[in-house]
Amino acid sequence: AQSVTQPDIHITVSEGASLELRCNYSYGATPYLFWYVQSPGQGLQLLLKYFSGDTLVQGIKGFEAEFKRSQSSFNLRKPSVHWSDAAEYFCAVVSGGGADGLTFGKGTHLIIQP
Amino acid sequence: ETGVTQSPTHLIKTRGQQVTLRCSSQSGHNTVSWYQQALGQGPQFIFQYYREEENGRGNFPPRFSGLQFPNYSSELNVNALELDDSALYLCASSAGPLGPNFSEQFFGPGTRLTVL
Chain B
1 AQSVTQPDIH ITVSEGASLE LRCNYSYGAT PYLFWYVQSP GQGLQLLLKY
51 FSGDTLVQGI KGFEAEFKRS QSSFNLRKPS VHWSDAAEYF CAVVSGGGAD
101 GLTFGKGTHL IIQP
Chain R
1 ETGVTQSPTH LIKTRGQQVT LRCSSQSGHN TVSWYQQALG QGPQFIFQYY
51 REEENGRGNF PPRFSGLQFP NYSSELNVNA LELDDSALYL CASSAGPLGP
101 NFSEQFFGPG TRLTVL
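Those sequence lines, one after another, are chains B and R.
Counting from 1, position 30 in the first sequence corresponds to residue 30 in our numbering; the numbering is continuous, with no gaps.
Counting from 1, position 42 in the second sequence corresponds to residue 42 in our numbering; the numbering is continuous, with no gaps.
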């Protein structure tokens, strides 16, 4: 069965500093990978996705992620965070068949220090 | 374009009761998925409906059931509520089912269910 691990429960970053959120997945074939963001009281918003091709994908709000098959990782990065980036971030994977739905990690809570 | 809406926003029930949660999908979308998000956890897939048929199901017992209507709106029904059913229930709509031609899922704000 597919699974997603987000090793960091909380991360604190100063405003203007760079950010990297880690995500490791377990899946036999090439996965479809996603990063979502959830602000308090809000639903999930898709930041970016990887299906195939270029392993560096660009998303909304200045985020990017790199797929590394050898490390089973799909880490999310942003060169300079803004206070509005404070939120919960979820990495997710879906199999090609899709019948199992999206499998999410437990999330990383991002705190931005002024 | 109207996004995904869910009702009610909050709900309090007692153990053993039944609950119905509702979701209106985004215009042009024919697929609805439901997820359960317990406090401090990521969402867990309950099931997906595509053109009024269940099209995939996660590891949830049969007391979790659903419907999709001709206008593609959807209901999630939970019978015999248990304390562990307390969670945020998220609905997501998409232009097609999850699969090789993945269509982006757009999530609603969720319904917060508390079971006492």
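No wet-lab data here; the hints were simulated from the structure.
Any given hint could be a false lead.
What the hints assert, rightly or not - Covered stretches of chain B, going by a simulated chain R footprint (3 or more residues, C-beta under 8 Å):
hint, segment
1, 38-44
2, 101-114
To be verified - Pulled from the structure, derived: some chain R residues nowhere near chain B, Cβ distances all over 12 Å:
hint, residue
3, Ile12
4, Ser27
5, Glu52
6, Asn59
7, Pro61
8, Pro62
9, Leu67
10, Ser73
11, Glu75
12, Leu81
13, Ala92
Note that the coordinates shown come from a computational prediction; the quantities given were computed from them, not determined experimentally.
Using N, Cα and C, we set each Cβ at its ideal position, and we do this for glycine too.
Are any of the numbered hints broken by this structure? If so, which, sorted upward? Hint check: 6, 13 fail, others pass.
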